[in-house]
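Chemist: Given these sequences and hints, build the entire structure.
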Amino acid sequence: MMEYYDKLNLAIKNTLEDERLKYHLQYLDEVVKLASIIIENTKDLVVDDYSTNVPLDNSIDIVTNFFSKINGEYASRFLKLLKEKDIYDGKACNIVNFNKIDSPRIDRSEVRDDGSLHIDYSETLADAFNISHEFTHKFSKQKYKDSTIKQFLCESTTLTIEFLLEDYLLESSGYDKDEIKIRKTNRLKETYDDATAVIFEHTLLKLYKENNGMLNEEILLNYLNSLPKDSKLYELFFHNSKRYLDDIVSKGHLQFSYRQRYVIGVVLASYFHDSITKDESYKNRLFYLIEILGHTDMTSLDDLKALEKLEIPVIEDGNFKVNPNNIEKLSDCYKKEVNDVLEVQKENNHIK
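Position in the sequence shown counted from 1, then plus 16, gives you the numbering used here.
What the hints contain is simulated information worked out from the structure, not anything from laboratory work. Everything numeric in this text was worked out from a predicted model, so none of it was measured. Backbone N, C-alpha and C fix where the C-beta goes; we use that ideal spot for every residue, glycine too.
Simulated restraints, written as ranges between beta carbons of each label pair:
hint, residue 1, residue 2, range
1, K267, E307, 26 to 34 Å
2, E226, K116, 44 to 52 Å
3, N355, L26, 38 to 46 Å
4, S188, K325, 30 to 38 Å
Dumping the calculated DSBU-like pairs for lysine-lysine here, alpha-carbon to alpha-carbon at most 30 Å:
hint, residue 1, residue 2
5, K205, K337
6, K337, K321
7, K116, K267
8, K337, K222
9, K351, K299
10, K345, K325
11, K351, K85
12, K345, K294
13, K337, K38
14, K245, K258
15, K294, K362
16, K351, K59
17, K299, K193
18, K23, K225
19, K154, K299
20, K248, K23
21, K267, K222
22, K352, K49
23, K23, K38
24, K321, K299
25, K245, K49
26, K205, K248
27, K59, K222
28, K267, K248
29, K197, K294
Modeler: Now the structure itself:
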């Protein structure tokens with residue numbers, strides 16, 4: 017039976033040898049810059065629960081009207097997908113399947129590998145966000161097809177759609193502002209944990225290489241104790257490292273390739289949201305990105321050139337790269353989103 021740290025070292029080795037993660041490993045230093053933006057600029061946020069009942073049909077109407085407002089073609093595609101069937105295992109099945117759950121906290125909505133949409137719903141306002149999020153993925157996803165660039169940027173588009181849906185609800189619905197803001201608050205809180213995990217695993221890889229692939233408890237404790245006790249990094253690693261290590265050991269692989277898509281997603285969504293707020297025509301770049309994610313691959317120079325035309329502040333010279341000027345720009349945009357939800361929490365005395 018393998019010992020704990022033998023399993024950890026094997027999990028790291030498996031990650032480094034996984035050809036599918038070539039670009040994830042190559043650009044991890046850049047992703048850590050985005051994770052640091054989140055760590056440095058996210059204050060304590062309180063995860064909230066929804067209290068208002070919203071029937072599923074109402075959420076579908078909300079999404080239909082929202083898509084109609086931002087892009088009429090998306091509304092048509094949305095309504096068409098709701099009615100479509102496809103053949104799976106020789107049987108005609110719905111493209112979209114709705115599953116009732118007790119709480120948004122156990123949501124597992126996704127676009128599955130066969131191209132079908134699985135939507136968990138809880139009859140709360142969370143459903144409208146879930147539906148718009150997953151259908152945006154569907155607009156970008158061809159059946160049985162994925163790409164490396166999609167794994168980097170796929171959440172950027174869907175989270176921008178969530179931020180825009182929040183704007184739409186604040187402007188056009190009678191729902192309570194606090195309820196509308198819950199999705200963003202919870203999203204930022206969850207992504208803070210993803211950012212911490214990405215930085216932790218980046219550090220783990222560095223220590224693994226420095227110690228010739230032989231990590232053990234002593235090495236990790238020595239590193240932790242070398243950090244200033246009043247530093248943010250010490251606090252985060254002290255409280256979370258055991259949980260992250262257990263996750264890696266149980267899954268046999270580092271988890272940053274999955275977690276980083278939300279780190280990239282939230283930071284870029286903040287940038288897109290800010291750009292669209294300042295100039296509504298910027299939405300066309302978002303729509304172009306949603307479409308191009310349906311067929312691009314990071315290995316194609318043409319695809320990277322196409323993304324560069326969008327002036328996305330993490331694509332530069334045919335690479336995933338975050339320069340100092342863009343770090344400042346992205347930080348400012350992200351702080352706006354954090355401050356937006358902090359205002360509501362302060363009003364409700366969640367934060368003193």
